[in-house]
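Following our numbering, the numbering of the sequence shown begins with 1 at its first residue and continues without gaps.
To be clear, the hints were calculated from the coordinates, so they are not data collected in a lab. A couple of the hints might just be wrong.
What the hints assert, rightly or not - Derived EDC-like pairs: lysine to aspartate or glutamate, alpha-carbon spacing no greater than 16 Å straight-line:
(1) Lys91 - Glu125
(2) Lys91 - Asp116
(3) Lys91 - Glu118
(4) Lys91 - Asp115
(5) Lys91 - Glu119
Unchecked claim - Beta-carbon label-pair distances, calculated as ranges:
(6) Leu104 - Met68: 17 to 25 Å
(7) Leu104 - Val16: 38 to 46 Å
(8) Arg76 - Asp109: 25 to 33 Å
(9) Glu95 - Leu14: 26 to 34 Å
These numbers were taken from a predicted model, which means no experiment stands behind them. For glycine and all other residues, C-beta sits at the position ideal for the given N, C-alpha and C.
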Amino acid sequence: MTAAGFWRQVGDRLGVPVDDDLIEVLVTLDVRTWAHVDPDVLALLAELADAGTPLALLSNAPLELARMVDERPWARVFRHRLFSADLRLAKPDPEIFGRLTDRLGASPDELTFVDDREENVRAAEALGIRSVLFTGAESLRAHLAGAGLH
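Produce the complete structure using the sequences and hints provided.
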């Protein structure tokens, strides 16, 4: 889905008209917001990558945001980057997790999925993927250490 399609759907759900000018503003703000990543998260990602942990990104980002993420230096820690906009699927659809396991050449029980949305975590768990609800870098670091994954 493009950002325009996404924002039009949001407007429809809210009963608010969304014209091209508003879409341009919303896309600009959305991309700018996502351009700033928590330094604690970046540090944890770097630690995991330096330790040889294979990392992948599975994101529901619209096309414009996906391309911006691809260009960010921190995105290089991810061996694979899969975006809903490219796959034409979105979390929590079970099919997107199937695409992820196929791309990684891994079975669900070999993965740990981290997401900030409860419904996405539950969907992954239902498929046998170990899952963690993200609430912050420090709690994730502790969870991974407790599970022997970091």
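Here's how the hints hold up against the structure:
1. Between lysine 91 and glutamate 125 the alpha-carbon distance is near 12 Å, which keeps this suggested pair within the 16 Å criterion.
2. The suggested pairing of lysine 91 with aspartate 116 holds, with an alpha-carbon distance near 12 Å, which does not exceed 16 Å.
3. For the given pair, lysine 91 sits about 11 Å from glutamate 118 by alpha-carbon distance, which is consistent with the 16 Å threshold.
4. Distance check on the hinted pair: lysine 91 and aspartate 115 sit about 10 Å apart at the alpha-carbon level, within 16 Å; holds.
5. The hinted pair formed by lysine 91 and glutamate 119 meets the criterion: a straight-line CA distance of about 8 Å does not exceed 16 Å.
6. In this structure, leucine 104 and methionine 68 meet the distance hint of 17 to 25 Å, their C-beta atoms being roughly 23 Å apart.
7. A hinted range of 38 to 46 Å holds for the C-beta pair leucine 104 and valine 16, which are about 39 Å apart.
8. Range check, arginine 76 to aspartate 109: about 27 Å between beta-carbon atoms, so the 25 to 33 Å window is met.
9. Checked against the given bound of 26 to 34 Å, the beta carbons of glutamate 95 and leucine 14, roughly 28 Å apart, stay inside it.
The structure is consistent with each of the numbered hints, conforming to all of them.
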